[in-house]
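Protein chains: 4
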Amino acid sequence: MANSNYEYVKSFEVEDRLMPSTWIVVRIDGCHFHRFSEDHEFDKPNDERALNLMNSCAMAMLEEFPDIVFAYGVSDEYSFILKKTSQLYERRASKILSLTVSFFSSVYGFMWKEFFPNKKLKYPPYFDGRVVCYPSAKILQDYLAWRQVDCHINNQYNTCFWALVKSGKSKMEAHNLLKGTQTQEKNELLFQQFSINYNTLPAMFRKGSCVFKDKTSVQEVSLVLDPLTTGKGRRYCEVQRGW
Amino acid sequence: MANSNYEYVKSFEVEDRLMPSTWIVVRIDGCHFHRFSEDHEFDKPNDERALNLMNSCAMAMLEEFPDIVFAYGVSDEYSFILKKTSQLYERRASKILSLTVSFFSSVYGFMWKEFFPNKKLKYPPYFDGRVVCYPSAKILQDYLAWRQVDCHINNQYNTCFWALVKSGKSKMEAHNLLKGTQTQEKNELLFQQFSINYNTLPAMFRKGSCVFKDKTSVQEVSLVLDPLTTGKGRRYCEVQRGW
Amino acid sequence: MANSNYEYVKSFEVEDRLMPSTWIVVRIDGCHFHRFSEDHEFDKPNDERALNLMNSCAMAMLEEFPDIVFAYGVSDEYSFILKKTSQLYERRASKILSLTVSFFSSVYGFMWKEFFPNKKLKYPPYFDGRVVCYPSAKILQDYLAWRQVDCHINNQYNTCFWALVKSGKSKMEAHNLLKGTQTQEKNELLFQQFSINYNTLPAMFRKGSCVFKDKTSVQEVSLVLDPLTTGKGRRYCEVQRGW
Amino acid sequence: MANSNYEYVKSFEVEDRLMPSTWIVVRIDGCHFHRFSEDHEFDKPNDERALNLMNSCAMAMLEEFPDIVFAYGVSDEYSFILKKTSQLYERRASKILSLTVSFFSSVYGFMWKEFFPNKKLKYPPYFDGRVVCYPSAKILQDYLAWRQVDCHINNQYNTCFWALVKSGKSKMEAHNLLKGTQTQEKNELLFQQFSINYNTLPAMFRKGSCVFKDKTSVQEVSLVLDPLTTGKGRRYCEVQRGW
Numbered sequence: 001m002a003n004s005n006y007e008y009v010k011s012f013e014v015e016d017r018l019m020p021s022t023w024i025v026v027r028i029d030g031c032h033f034h035r036f037s038e039d040h041e042f043d044k045p046n047d048e049r050a051l052n053l054m055n056s057c058a059m060a061m062l063e064e065f066p067d068i069v070f071a072y073g074v075s076d077e078y079s080f081i082l083k084k085t086s087q088l089y090e091r092r093a094s095k096i097l098s099l100t101v102s103f104f105s106s107v108y109g110f111m112w113k114e115f116f117p118n119k120k121l122k123y124p125p126y127f128d129g130r131v132v133c134y135p136s137a138k139i140l141q142d143y144l145a146w147r148q149v150d151c152h153i154n155n156q157y158n159t160c161f162w163a164l165v166k167s168g169k170s171k172m173e174a175h176n177l178l179k180g181t182q183t184q185e186k187n188e189l190l191f192q193q194f195s196i197n198y199n200t201l202p203a204m205f206r207k208g209s210c211v212f213k214d215k216t217s218v219q220e221v222s223l224v225l226d227p228l229t230t231g232k233g234r235r236y237c238e239v240q241r242g243w
Numbered sequence: 001m002a003n004s005n006y007e008y009v010k011s012f013e014v015e016d017r018l019m020p021s022t023w024i025v026v027r028i029d030g031c032h033f034h035r036f037s038e039d040h041e042f043d044k045p046n047d048e049r050a051l052n053l054m055n056s057c058a059m060a061m062l063e064e065f066p067d068i069v070f071a072y073g074v075s076d077e078y079s080f081i082l083k084k085t086s087q088l089y090e091r092r093a094s095k096i097l098s099l100t101v102s103f104f105s106s107v108y109g110f111m112w113k114e115f116f117p118n119k120k121l122k123y124p125p126y127f128d129g130r131v132v133c134y135p136s137a138k139i140l141q142d143y144l145a146w147r148q149v150d151c152h153i154n155n156q157y158n159t160c161f162w163a164l165v166k167s168g169k170s171k172m173e174a175h176n177l178l179k180g181t182q183t184q185e186k187n188e189l190l191f192q193q194f195s196i197n198y199n200t201l202p203a204m205f206r207k208g209s210c211v212f213k214d215k216t217s218v219q220e221v222s223l224v225l226d227p228l229t230t231g232k233g234r235r236y237c238e239v240q241r242g243w
Numbered sequence: 001m002a003n004s005n006y007e008y009v010k011s012f013e014v015e016d017r018l019m020p021s022t023w024i025v026v027r028i029d030g031c032h033f034h035r036f037s038e039d040h041e042f043d044k045p046n047d048e049r050a051l052n053l054m055n056s057c058a059m060a061m062l063e064e065f066p067d068i069v070f071a072y073g074v075s076d077e078y079s080f081i082l083k084k085t086s087q088l089y090e091r092r093a094s095k096i097l098s099l100t101v102s103f104f105s106s107v108y109g110f111m112w113k114e115f116f117p118n119k120k121l122k123y124p125p126y127f128d129g130r131v132v133c134y135p136s137a138k139i140l141q142d143y144l145a146w147r148q149v150d151c152h153i154n155n156q157y158n159t160c161f162w163a164l165v166k167s168g169k170s171k172m173e174a175h176n177l178l179k180g181t182q183t184q185e186k187n188e189l190l191f192q193q194f195s196i197n198y199n200t201l202p203a204m205f206r207k208g209s210c211v212f213k214d215k216t217s218v219q220e221v222s223l224v225l226d227p228l229t230t231g232k233g234r235r236y237c238e239v240q241r242g243w
Numbered sequence: 001m002a003n004s005n006y007e008y009v010k011s012f013e014v015e016d017r018l019m020p021s022t023w024i025v026v027r028i029d030g031c032h033f034h035r036f037s038e039d040h041e042f043d044k045p046n047d048e049r050a051l052n053l054m055n056s057c058a059m060a061m062l063e064e065f066p067d068i069v070f071a072y073g074v075s076d077e078y079s080f081i082l083k084k085t086s087q088l089y090e091r092r093a094s095k096i097l098s099l100t101v102s103f104f105s106s107v108y109g110f111m112w113k114e115f116f117p118n119k120k121l122k123y124p125p126y127f128d129g130r131v132v133c134y135p136s137a138k139i140l141q142d143y144l145a146w147r148q149v150d151c152h153i154n155n156q157y158n159t160c161f162w163a164l165v166k167s168g169k170s171k172m173e174a175h176n177l178l179k180g181t182q183t184q185e186k187n188e189l190l191f192q193q194f195s196i197n198y199n200t201l202p203a204m205f206r207k208g209s210c211v212f213k214d215k216t217s218v219q220e221v222s223l224v225l226d227p228l229t230t231g232k233g234r235r236y237c238e239v240q241r242g243w
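Residue numbers (our numbering), protein chains in the order written: chain W, 1 to 243; chain Z, 1 to 243; chain H, 1 to 243; chain F, 1 to 243.
One thing to keep in mind: the hints can contain errors.
A pair counts as met if it fits within one copy or between any two copies, since identical chains are not told apart.
[Claimed, not checked] Taking lysine to any residue pairs in the SDA-like style, the calculated list, with each CA pair at most 25 Å apart, reads:
1) K83 x S11
2) K171 x R130
3) K113 x L53
4) K10 x K83
Bear in mind the hints are in silico, worked out from the structure with no lab data behind them.
Note that the structure is a prediction, hence the values are computed from the model and not measured.
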């Protein structure tokens, strides 16, 4: 009953090392979170508790995987940047992807009650993930800018949408009213109809959240991250977790 | 602030479709579970509650991902077989890997208290995963045989090891006594010193656990699975979960 | 001046082993051969010398790379099938692809004068190539059928097209006359206007060419190849080359 | 006989795009060239005609594939660097690899008689190839330095080896005399026993050959290539070919 007769099946495993000397980004994204947020009655358009839970998961990630130098999150999505020189799991994509997504998912459930003390988790939430490599700091910046512009566009739309819905419009009506509107028009709609000054809404809603490991790593990655994280949008969090 | 300037960063994402018409196997494996099992005082050599928790996670997997036709688990490891024709997420490896591992991890924490009602989860458990494709039923069988032989070898060793330790040997002494012994010798040691007939120990410990979706899918995959699952080792579980 | 300081650059090379136990197909295809065939005044619609040169290159391939069990060619394209168990260059895709395409290209120029004794090669012809793996004999058959149907469709069209052009039509007129015609109509056009019975044209034009290494390998692969190569279309060539 | 029934076989082709914004290097290497150089009686340790044939092939490559900005060759090996922004064949690795290797091989045979007018090509030479991407100019420099140091080490060894053999030593004796010697010792051996000042041997033998497309592209890539190509080792060749 020696195992050696069957070990040839290991030869079907594929080597999947990521290109050395490139920035590794793991992006994690909630699966079916539209439904999940409804089933758990998240505040609309933003649930501060849910965002802080995501931020806490991200902080736990930086503690568990020291090669992560920075994380950027928005809504039910978080991007984790591993340093260019990382040798985490010999840069094997499957290992990095599966372990980070698994850990994040597990922490989310584990910390749920801390952020939603009066709301029972109805079923297990889960996330998809992907790994992408970027060969230069400039392109990594553009990646982060891409996610942050997405945050802005979605948040501004959702802020208008839910203001309209809360004011009595149907979802369909709200959708139709917003179709084709530009940034400026949306801001005016918010201001004129709802007395909301978009630019004074919480930065975490408008700009997303950042997590750095510590002051030193901020210095190291400042070239990459400055454009994103200076100014009001910056949410600086030193990790101090410990279960 | 149009997003289109940055969208080029998506071109760095790699297409990772798995070869069509091959069996997709996702193998999930506990990370740092040696420590985790000690920190949570699992019974040794096998903790029935922990195994049943793993089995419950596997059953939830079959329900969530209908393309999984069969699962085989041993210790803190589970293999999930997707049917050859599966088009789950267009067979994209990252999607399949991240979602299955994330869901499994999340379910593990979610169902913990059902199996360990008196034991608090001290920190979030997590798992690694990998995806491997097999081009024929014969090789898939050999894959399953490989895992099952591994189960046998490890379990027999662990049964002897913990019997010796519980009888007063140190772990080092137990290890040294077992070094180089063959299957037959281990069985005799168990029988003569501890009156344990190895072959009468629970099949779940000796042979691992199987999960099928339903009787129909067993028929469909019988060609593949028969050698593994006929006879005493077979643990047949119809999924009937619902959160 | 030790080389070891620079050897890290090898870590950027990517492992590209092809899945074990699958049929490896290398398809080679003439690059810019439309122009090449005009510049070298190939007969239209088929140049027997050019096809026989391709066949000779294929025969040389089977001799140079013994793992090739079968080859199928049409026009300026040739598919080479390596046996499922091949360990050629440890199944590294780049090695297999580059060496086979390079050898084929080199032989093409080397043997040119044998098939075109009175025509000087005006510039170096070259080919692209790709490697594809197929997990089953059934799918490999379908691959070959795909190429053979393509051969039929193209050859029938070209036979009509050049008959019309040689009869005085412009290329544009010929093209327009054929647009939307079905197989049966094309056969009737050939027969009624040009007294050509399509089915009596040389099998090599209508069905393509096959190369087997020897009678034994035909037996071995008969399951795969029978549907393609039985009957009139079969061109059986034992390799007897030697430079 | 519609082809659409079989077209699913195309789904087995694998997408193999190279990472954007990285330098693409194609390295081509003679296959069985030890034997080939003996069968064609190349001068030892360096055959100027053979090197110039390789250089001519490289020049033809730069003309045929305009995205190649630079090439570096030594012995029967040549590296071609495509610019970072190249979109050649949508950066598909198989296309780039197969077409470049095929073209190079074809040119080698095509131009043979120009460099060896009195020596018939006995059989078709061929080459292997690989594609590697480098994310930064610095690492690309190190790649080129790696090849150039290799050139130096091999050439110095071969110069000593063949001097010894031509002086009457057997190949085994020559090999044993050189075993373990350092650079300085080899230079002294050459100078004292054979009155050869290694540093005055032709730069092409000691340093390899470079090909640039034109003066402009030299400017563009100067950051990358300067360390390699300044000084005596530089062989600057403007391409002026045309069949």
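Consistency of the hints with the structure:
no.: 1; hint: K83 x S11; verdict: between (30 Å within a copy, 17 Å between copies)
no.: 2; hint: K171 x R130; verdict: neither (32 Å within a copy, 42 Å between copies)
no.: 3; hint: K113 x L53; verdict: both (10 Å within a copy, 21 Å between copies)
no.: 4; hint: K10 x K83; verdict: between (30 Å within a copy, 20 Å between copies)
Checked against the numbered hints above, the structure violates only hint 2.
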